[in-house]
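Novice: Spelled out from the first residue to the last, the chains are:
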Amino acid sequence: MDKTITYPLQIGPTHPAFKEPVRFSFKVEGERVAGVDIDLGYTHRAIEVISKERNFIQTIYLLERICGICSVSHPMAYCMAVEDASGIEVPPRARYIRTIIGELERMHSHLLWAGVAAHEIGFDTLFLYTWNIREKVLDCLEQFTGNRVNYAMLTIGGVRRDLTDDLIPVIEQTLEYYLEVYQRTSEILLDDQSIRYRCEGTGILTYDQAVALCAVGPTARASGLAKDVRVDYPMLAYPDMDWLKPITPLDIGKEPAGDVYDRMVVRVLELKQSVDIIRFCLDNLPEGPIASINGSIKIINKLKKVQGEGIGRYEAPRGEVAHYDILDMSECPVQMKVKAPTYSNAFAWVPMLQGSEIADIPIVIASIDPCIACADRMTILRDDGATETLNAEYLHSLSVNKMKEVKSRCSG
Amino acid sequence: MFGILYKVIEQLFSKKATNPFPGRYIPDSTIETLANGRLNPPVPLPEGLRGRLMYDYDTCIGCGMCEKVCPANAIELYPVTVGEKKSKRIVIYLSRCTYCGECVDICPKNSITMERFVFMAGYNKYGNDLIIGSAQRQENEIRE
Ligand code: SF4
Ligand code: SF4
Chain Y
1 MDKTITYPLQ IGPTHPAFKE PVRFSFKVEG ERVAGVDIDL GYTHRAIEVI
51 SKERNFIQTI YLLERICGIC SVSHPMAYCM AVEDASGIEV PPRARYIRTI
101 IGELERMHSH LLWAGVAAHE IGFDTLFLYT WNIREKVLDC LEQFTGNRVN
151 YAMLTIGGVR RDLTDDLIPV IEQTLEYYLE VYQRTSEILL DDQSIRYRCE
201 GTGILTYDQA VALCAVGPTA RASGLAKDVR VDYPMLAYPD MDWLKPITPL
251 DIGKEPAGDV YDRMVVRVLE LKQSVDIIRF CLDNLPEGPI ASINGSIKII
301 NKLKKVQGEG IGRYEAPRGE VAHYDILDMS ECPVQMKVKA PTYSNAFAWV
351 PMLQGSEIAD IPIVIASIDP CIACADRMTI LRDDGATETL NAEYLHSLSV
401 NKMKEVKSRC SG
Chain B
1001 MFGILYKVIE QLFSKKATNP FPGRYIPDST IETLANGRLN PPVPLPEGLR
1051 GRLMYDYDTC IGCGMCEKVC PANAIELYPV TVGEKKSKRI VIYLSRCTYC
1101 GECVDICPKN SITMERFVFM AGYNKYGNDL IIGSAQRQEN EIRE
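As they're listed, the protein sequences go chains Y and B.
The first sequence begins at 1 in the numbering used here and counts up by one.
The second sequence begins at 1001 in the numbering used here and counts up by one.
Hint data in this document are derived by calculation from the structure and do not stem from the laboratory.
Mixed in with the good hints there might be a few duds.
Claimed, not checked - Calculated pairs, DSS-like style, for lysine-lysine (alpha carbon to alpha carbon, straight line, at most 27 Å):
| id | chain 1 | residue 1 | chain 2 | residue 2 |
| --- | --- | --- | --- | --- |
| 1 | Y | K298 | B | K1016 |
| 2 | B | K1015 | Y | K298 |
| 3 | Y | K302 | B | K1068 |
| 4 | B | K1007 | Y | K302 |
| 5 | Y | K245 | Y | K339 |
| 6 | B | K1085 | Y | K136 |
| 7 | Y | K305 | B | K1068 |
| 8 | Y | K298 | B | K1125 |
| 9 | Y | K298 | Y | K337 |
| 10 | B | K1007 | Y | K298 |
| 11 | B | K1016 | Y | K304 |
| 12 | Y | K52 | Y | K304 |
| 13 | Y | K337 | Y | K305 |
| 14 | B | K1068 | Y | K304 |
| 15 | B | K1068 | B | K1085 |
| 16 | Y | K227 | Y | K337 |
| 17 | B | K1016 | B | K1068 |
| 18 | Y | K136 | Y | K19 |
| 19 | Y | K337 | B | K1085 |
| 20 | Y | K304 | Y | K272 |
| 21 | B | K1015 | B | K1068 |
| 22 | Y | K304 | Y | K254 |
| 23 | B | K1086 | B | K1125 |
| 24 | Y | K52 | Y | K245 |
| 25 | Y | K272 | Y | K52 |
| 26 | B | K1015 | Y | K52 |
| 27 | Y | K254 | Y | K52 |
| 28 | Y | K304 | B | K1125 |
| 29 | B | K1088 | B | K1068 |
| 30 | Y | K3 | Y | K19 |
| 31 | B | K1088 | B | K1109 |
| 32 | Y | K19 | Y | K302 |
| 33 | Y | K136 | B | K1086 |
| 34 | Y | K52 | Y | K227 |
| 35 | Y | K52 | Y | K27 |
| 36 | Y | K136 | Y | K337 |
| 37 | Y | K298 | Y | K272 |
| 38 | Y | K272 | B | K1007 |
| 39 | Y | K136 | B | K1068 |
None of the values given here were measured: they were computed from a predicted structure.
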């Protein structure tokens, strides 16, 4: 029999292999994946609409809850967008403190990812090991900010808590600990035979595909695309570090193949890079105020008189996050748009999954470190439970109309 | 391969971080066992932890700034009379609070503070033990 039969295979919306709701429709031929379709939209929470009813300060805490893991990346991008629109300066000390929190978050996010990846390939010992060492940075964050996640540290024009002198040794100790365990951890993650068997050659995203699909973050860097918002875009304390460069598998002398293993390599190396960045920030921490405007009410009152638009970009652990905000003489953002890293990377799933085995689906999906809750931004719900199919044309016209409306408000 | 094997063996012989749970493991005297170091004490709470809120009814002037900045709308104002004048006081719904600390920072009279306390489970989200200031409200609120 030489006739091939294609079977449909649905995975999701809720499935134990995924951490969050997303639906994949596969066409499989035997064990091979012949076609992929992705269906997003199951965790939409209308964050952008809710933010229009909240003032600028309340919005920070709302945005912190877009994602539990990159809970400082979204407010960071938002604060930068609003600062961009209103011209509020961030004092140097605040820029450094922001960088430190961001990098601590990157460390815990990458360790979390390594654990999840190990779990997806059935290596639960490693999963528990990485999550165990991740506790240390969470403890450090708790001492520093007062909470393990949702740090509530940022405000527009600065940060809310200072990095006091007795906190510096705590962070130093944490970094010391990670340098100690780094050798062993990288050995386990990168040299272990079972990991190499499962990860090498799976879920390949070539350089050209990464460019064409606008992949971001570690996913793009694993394909050899040297892009990193921290290097490419002047923000926070990063411009002071001229030694900083995007990490690709070339750093360990490996030709980038763009497979799952390379994504692991990039993340492991970035752990070390984060330690270096935090060290640099601690050594060069400038003196001075930590916020340019004192008090949330003053911030709201100042922003109430501002008209304009701003963009904020930040390299979240998963890739570039961008916020666009429009301010228009109001206490609340009149319009805002969130572009989460997973939104860019989700398209890369298609070439990665094409031709892979069914058993590799979970690890390939997990390999871009998806955060569906970040990416889901578009669903229409009706009270009577009726479903409505919105085609692309309709959505496009909707979007054009909205832009016109916003523009007229901005210029009028 | 050997890296993780080494780690597993190391873990096997290291001190357990958790306390044995089912009822039959519970010692007769917890204090004695703790003193002998056979139970792991609770993890200490760090300095500066953002925990339960405390509210000082007497120093509050009813300016309402805390209500304005609260991202979770956890703070509610209610009318009272102070001497002859009309004023406002607040209650805080802990079940809605996200412990961001904005209200603590903004209060001009330092009437709201945070204590290092995290045990706030309750059966009723809107029960009096989860509403800070509910006793004073019952006493002082002016109802039309
Ligand atoms: S801590 Fe934050 S969420 Fe809680 S009452 Fe105060 S302002 Fe509201
Ligand atoms: S900010 Fe302070 S003084 Fe003002 S209403 Fe709130 S608790 Fe009272």
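Novice: When you check the alpha-carbon spacing of K1015(B) and K1068(B), does it fall within 27 Å?
Specialist: 49 Å, violated
Novice: For a C-alpha distance cap of 27 Å, please report whether K245(Y) and K339(Y) respect it.
Specialist: This hinted pair holds, its Cα atoms lying about 24 Å apart.
Novice: Please verify whether K1085(B) and K136(Y) have alpha carbons no more than 27 Å apart.
Specialist: It is violated: about 53 Å lies between the C-alpha atoms, which goes past 27 Å.
Novice: Taken at face value, is the distance from the CA of K52(Y) to the CA of K254(Y) at most 27 Å?
Specialist: 47 Å, violated
Novice: Checking one constraint from the list: CA of K1007(B) to CA of K298(Y), max 27 Å. Satisfied?
Specialist: Distance of about 53 Å is beyond 27 Å: violated.
Novice: Between K1015(B) and K52(Y), is the straight-line Cα distance small enough, at 27 Å or below?
Specialist: Outside the cut-off at roughly 52 Å; violated.
Novice: Is K52(Y) within 27 Å of K304(Y), Cα to Cα?
Specialist: Roughly 14 Å between the alpha carbons, so the hint for K52(Y) and K304(Y) holds.
Novice: Please work out if K1088(B) and K1068(B) have their alpha carbons no farther apart than 27 Å.
Specialist: 14 Å, holds
Novice: Can you confirm whether the C-alpha distance between K1086(B) and K1125(B) stays at or below 27 Å?
Specialist: 30 Å, violated
Novice: Run the distance test for K52(Y) versus K27(Y): straight-line Cα separation, threshold 27 Å.
Specialist: With a Cα-Cα distance of about 41 Å, the restraint between K52(Y) and K27(Y) is violated, given a limit of 27 Å.
Novice: Given the hint that K298(Y) pairs with K337(Y), does the C-alpha gap stay at or below 27 Å?
Specialist: 25 Å, holds
Novice: Hint check: K305(Y) vs K1068(B), CA-CA at most 27 Å. Holds or violated?
Specialist: Cα-Cα ~18 Å, so holds.
Of the numbered hints given earlier, the model fails hints 1, 2, 4, 6, 8, 10, 11, 17, 19, 20, 21, 22, 23, 24, 25, 26, 27, 28, 30, 32, 33, 34, 35, 36, 37, 39; all others are met.
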